[in-house]
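A.B. asks: Sequence:
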Amino acid sequence: MGEGMTKDVEKLLGDPKRAIVLMMVPVIIAMTFQSLNSIINSVWVAGLGPSALAAVGLVFPVFFIIIAVGNGIGVGASQTVALHIGMGDKRGADKSAAQAIMLTIIASAIIAVVLGIFLRPLLMLMGGGNIIDECYEYALPIVVFSPIVMLSSLFSNLLRSEGAAKRSMFIQVLTACINLVIDPFFIYQPFGFGLGWGIAGAAAGTVVSMFIGLSVALYWFKVKNDTYLKISLKGFRFDRKIDRMIFRVGIPASLELMIISLVSIVMNIILIGAGGDDAVAIYTSSWRIISILMIPLMATGGAMVPVCAAAFGARRFDRVREAYRYTLKLVVIIMLAISIVTALTAQYMATIFTYTEATFHLRAEMVALLHFGCIFLPFASWGATASALFQSLGMGTKSLISTLVRNLVQIPLCIFLFSVGGNLGFIWLGVALGEIVGSLLAGLWGESILGNFMKHAEKYHPKEEKTV
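Sequential numbering from 999 applies to the sequence shown in the working numbering.
Read the hints as simulated data drawn from the structure, not as lab findings.
Any given hint might turn out to be false.
Stated by the list, open to error - Within a straight-line C-alpha distance of at most 16 Å, the following computed EDC-like cross-link-like pairs (lysine to aspartate or glutamate) qualify:
no. : residue 1 : residue 2
1   : 1005      : 1224
2   : 1088      : 1224
3   : 1015      : 1320
4   : 1453      : 1316
5   : 1239      : 1087
6   : 1453      : 1320
7   : 1164      : 1008
8   : 1015      : 1316
9   : 1239      : 1092
10  : 1228      : 1087
11  : 1232      : 1092
12  : 1088      : 1008
Claimed, not checked - Cβ-Cβ distance ranges computed for the label pairs, FRET-style:
no. : residue 1 : residue 2 : range
13  : 1175      : 1417      : 43 to 51 Å
14  : 1188      : 1338      : 36 to 44 Å
15  : 1187      : 1395      : 45 to 53 Å
Remember, predicted model here, so these are calculated numbers, not experimental data.
In this text, a Cβ means the ideal position worked out from N, Cα and C, and glycines have one as well.
Kindly produce the complete structure, drawing on both the sequences and the hints.
C.D. replies: See below:
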């Protein structure tokens, strides 16, 4: 075993197929529970009525912006750390983790201040005019405590970067379970107990649960001290080389999620004009379900990034290709199975958001959108796996362009088809066609880049200068 080597790192550097599977399953579970934090809020808030449910949906892009920056730094750090692990440079891996923590602290502080100042005007711009008070009450706690949200995401990525996917999974499971238990006591006063803060309580419950999860991660790194990465901020100084490596993947990754968030905002505006608050509630609630259905797709990509980056760092370029091919086949099979199951159970899935008399009338359209999701999910596998390949090789800009195409193409399609058909079903068709076309283009580009990489891999590899 090398310097500070752990069993998780050995698995990361071993057979890529085995490493993908061992990483993928915990990441799927982790992402599922991470998504449940948002779902849990919507489920409990649905009891407050359609306005509260729509407010959670309208605020989600703001929450997503915070997650985007944190996850972007996290993905950049994951690729950079795994690359140094593959190169056998433990000091570089440790230093990369410390750099990412400081970058996250600074970025989260700026976001908290800027969004805090402009929050109400931003929510108005996003279409929250009729329910601005509910939107503001829900968004404010999340914005103020954005450092907790972003650091929680970062530490999950750092654990994955050293192959400790099970620990990352534990944090997400713990966070979601705590949120599930405390949310009703923050929102309502069940059995005469609780804070009764309404929609603001849902946001507060999310922040508290994330803080507990973050505390567990800090315990592993600083108290139990049994992780591969040894993080110390003593005598910290920014390292331009490492920062560039993190930003090369991190900034495009952040922009990718921001693009998704901006597309959500534009879609909300389109839907308000097409069907009012009900249309927004249908789209945002259904998309949460679709996002959960896409977790295996995103998780396999998330598992592939450190595996391919470590192989790239170790100059095992054949393993990069092997991991990509295996991931793509695996995720296509999984998403086909999920699409079939969803087509058969969409009615029941929609029930979790339409269990009250006030929201029952939304169910039929939610089911329709879920059925359109069944069509495009298998196609999305190719585009998302190609993006993960780009990130693992440090080609963040290519991943950004891929995501840009996949998301922006649906906007004009939705507008055009609605102008032709005049009902929400044509907007759902536009969403499906946009995902299919964008994913096919991204997948074809990924094949081209992989072929070029295998021919000229050495020129892409960073110089092996040990970090001091």
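A.B. asks: Given the hinted pair residue 1005 and residue 1224, is their Cα-Cα distance within 16 Å?
C.D. replies: holds (11 Å)
A.B. asks: Does residue 1092 sit within 16 Å of residue 1239, going by the straight-line distance between their CA atoms?
C.D. replies: Holds: residue 1239 and residue 1092 sit about 14 Å apart, inside 16 Å.
A.B. asks: Holds or violated: residue 1088 and residue 1008, Cα atoms, limit 16 Å.
C.D. replies: Holds, at about 14 Å.
A.B. asks: Do the beta carbons of residue 1187 and residue 1395 sit within 45 to 53 Å of each other?
C.D. replies: holds (51 Å)
A.B. asks: Is the Cα-Cα distance between residue 1228 and residue 1087 16 Å or less?
C.D. replies: holds (13 Å)
A.B. asks: Between the alpha carbons of residue 1164 and residue 1008, is the straight-line distance 16 Å or under?
C.D. replies: This hinted pair holds, its Cα atoms lying about 15 Å apart.
A.B. asks: Quick one, are residue 1232 and residue 1092 close enough, alpha carbons at most 16 Å?
C.D. replies: Satisfied, since the Cα-Cα distance of roughly 12 Å is no more than 16 Å.
A.B. asks: Take a quick look at whether residue 1453 and residue 1320 sit within 16 Å of each other, Cα to Cα.
C.D. replies: Between residue 1453 and residue 1320 the Cα gap is close to 15 Å, so the pair holds against 16 Å.
A.B. asks: Holds or violated: are the alpha carbons of residue 1453 and residue 1316 at most 16 Å from each other?
C.D. replies: Distance of about 11 Å is within 16 Å: holds.
A.B. asks: Hint says 43 to 51 Å; check whether the CB-CB distance for residue 1175 and residue 1417 agrees.
C.D. replies: holds (46 Å)
A.B. asks: Using the beta carbons of residue 1188 and residue 1338, state whether their distance is inside 36 to 44 Å or not.
C.D. replies: Holds, at about 38 Å.
A.B. asks: Between residue 1015 and residue 1316, does the CA-CA distance stay at or below 16 Å?
C.D. replies: It holds: about 12 Å lies between the C-alpha atoms, which stays within 16 Å.
Hint violations for this structure: none, all hints satisfied.
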